[in-house]
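Line by line, the protein sequences give chains A and B.
At position 2 of the first sequence (counting the first as 1) the number is 2 in our numbering, and the numbers step up by one without a gap.
At position 41 of the second sequence (counting the first as 1) the number is 310 in our numbering, and the numbers step up by one without a gap.
No wet-lab data here; the hints were simulated from the structure.
Values in this document were obtained by computation on a predicted structure and should not be read as measured data.
Positions of the beta carbon are idealized from the N, C-alpha and C atoms, including for glycine.
Any given hint might turn out to be false.
No farther apart than 25 Å at their CA atoms in a straight line, the calculated lysine-lysine pairs in the DSS-like style are these [unchecked claim]: (1) K61(A) x K527(B); (2) K583(B) x K164(A); (3) K439(B) x K319(B); (4) K407(B) x K47(A); (5) K439(B) x K361(B); (6) K57(A) x K407(B); (7) K76(A) x K101(A); (8) K527(B) x K427(B); (9) K61(A) x K38(A); (10) K332(B) x K361(B); (11) K361(B) x K407(B); (12) K101(A) x K86(A); (13) K319(B) x K332(B); (14) K38(A) x K498(B); (15) K332(B) x K310(B); (16) K310(B) x K361(B); (17) K164(A) x K57(A); (18) K570(B) x K38(A).
Rough simulated footprint, nothing fancy, chain B against chain A, three-plus residues with beta-carbon under 8 Å [as the list claims (entries may be wrong)]: (19) 96 to 107; (20) 116 to 124.
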Amino acid sequence: MRSTWLLNRVDVLKLVGISILLAVGFPTTAQWLNVPTKGIPRTKDGKPDLSAPAPQKPDGKPDLSGVWEGDRQNLKYLANLAADFKPDDFPIQPWAEALTKERMTGADESERPTANCLPYSIPVADANTNSPLKIIQEPDLVMILHEFLGLFRQIFLDGRTLSKDPNPTWMGYSVGRWDGDTLVVDTTGFNGKTWLDGNGHPATDVLHITERFRRRDFGHLDVQLTIDDPKAYTKPWSVDLAMHLLPDTDLLEYVCNENEKDVKHMVGK
Amino acid sequence: MRLTVLFVLTSAAFAQSGATITGKVSDVFSEAISGASIQVKNAATGEEYKATTTGAGEYILDKLPPGTYELSATMITMKRYVRQDIAVQAEKILRLDITLEDGGQLGTVGDGDRFTAALRQNKPAPPSGPTPRMQDGKPDLSGFWSPAQRGPSGQPRKPEALVWAEGVAKERIQNNRRDSPQAQCLPAGVTTSAGLGGKFVQTPTLLVMLYDNAINTRQVFLDGHAHPKDLEPTWLGHSIGHWAGDTLVVDSIGFNDKTWLDFDTAYPHTEMLHVVERYRRPDLGHLELEMTIEDPGALQKPWTVMRVSNLDPKDEIMEHICTENNKYAEHLVVK
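Turn these sequences into a full structure, and let the hints guide you.
This is how it looks when you write it as structure tokens:
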């Protein structure tokens, strides 16, 4: 099933291979994957019209609500969030570069959070091609429910500001505001344990992630991520991710601790 | 420890004129319990005096006016201890060592009456006002709901179960509830979690329940679609809701048989479990739940549970990653 796959392999080829296997083998068998979503514009043959205009809320704001999954083109960022940078141009602190290289050897594989049923990072969540998320947009609150681990994020749009002394968490504390048609989400309050991507680019407790969500049309959501973490990176850097709507489906239940088999297969050097 | 007691005796005897009650609080394994709350109440005046146990489990209540007291000791996850008619005299020291029994509860929200009662003790009264409503006039159940109290007394505290289910429940309790899903960071289940606090966010087509518990989210679909056929069993099942007047009726099926009906009674269920939750928000500050639990595979007849939650507008759901640093299960001892 699509929900049982963990992003815990460094090997991109394997990663692509698994995702193709899943795409071919399973979507029609899973249980409530065939619930027609109301309010989706449809073409004459009844198929969802994913290029129709983005829906709007009564207040005129774009409505980002829906079940979303990362485009195939995100795969390279899932493995390496800095894939677009030349190695010499990537603003990474030496210790963070050394740690990433060590993680890429596979030596730290048993410490990968997702291999231990611990949360993935926001970049991995937003890029993910195999584990969808569901956005529920209300005027003062945008909720993101993640299939993976049943995680959720709350993005407060009620005008509150980020705390100066936030509780350290895996998914952080998020506030949002509208910049025209773009929802700008600022998140701090991280615990410094997360791996930003498959390669294991680290982040620290001063990590500040800015996500700019723009629903290009009914079926497509663009997300620009900016990573600002002066302890690990010498300056902020950005990556552009793309998601597509999964119509007529919903999140599945994902219980990682049940029958967990990954960690014991992870071999450290 | 003996030294500590001697010190208490001397200092009390010379420095104070009132009565003193002192002692050590421990569990059934004689391990000291620190941070337990000790409270005495003077039977004549109603005056209350409080103390907290030290790291060594010791407490001292001194300068007490002579008289007769009721003493209670409370600690989260432990059963409350109460002793009445304790007479103390001026300048005398009464030593009272206390053994607290395990309440059989996990240290997570929603794991039993005493724990939720302890959480509630310091909560202010919920705000008052009319029931908030959605644009279509239906009640809006959104809000942060603090852990519930049982509803009206007299309702059955446990189900009338089939013989095999009675046996399983008994064995689980004898095993100190060690095998509960929560102890392994698995979902507590709908019947355990319902009405035990969490954040509700309601839209016209969806009610989301967020819990700071293993498996953090539950969706109740309000868009009118029926349960899918041939549901694969899951921990939380499949939930749909419809409005009957101002009552939201949530119907859930499609459960696996791995959750417990609730933590205290430890009853099992089968995949035939069918849960109907009826939610009412009679005013701004209260959420009432009447839950009927039906399972012909485990119960002789349906079991109805009533709970009431208070709105807590100042609280917010926290990130709860159970898998991180889960130390509970390894400390549970099988009797």
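Do the hints match the structure? See the list:
1. K61(A) x K527(B): Violated. K61(A) to K527(B) sits at ~43 Å, over the 25 Å cutoff.
2. K583(B) x K164(A): Holds: K583(B) and K164(A) sit about 19 Å apart, inside 25 Å.
3. K439(B) x K319(B): Violated. K439(B) to K319(B) sits at ~37 Å, over the 25 Å cutoff.
4. K407(B) x K47(A): Roughly 32 Å between the alpha carbons, so the hint for K407(B) and K47(A) is violated.
5. K439(B) x K361(B): The hint is violated at about 46 Å.
6. K57(A) x K407(B): holds, 19 Å
7. K76(A) x K101(A): holds, 17 Å
8. K527(B) x K427(B): holds, 19 Å
9. K61(A) x K38(A): holds, 19 Å
10. K332(B) x K361(B): holds, 10 Å
11. K361(B) x K407(B): violated, 64 Å
12. K101(A) x K86(A): holds, 15 Å
13. K319(B) x K332(B): holds, 12 Å
14. K38(A) x K498(B): Status holds; Cα separation ~19 Å.
15. K332(B) x K310(B): holds, 13 Å
16. K310(B) x K361(B): Between K310(B) and K361(B) the Cα gap is close to 18 Å, so the pair holds against 25 Å.
17. K164(A) x K57(A): Violated, because 32 Å separates the two Cα atoms, which is more than 25 Å.
18. K570(B) x K38(A): violated, 38 Å
19. 96 to 107: violated (count 0)
20. 116 to 124: Contact hint for the region 116 to 124 of chain A vs chain B: holds, 4 residues under 8 Å.
This entry does not satisfy hints 1, 3, 4, 5, 11, 17, 18 and 19, going by the numbered hints stated previously.
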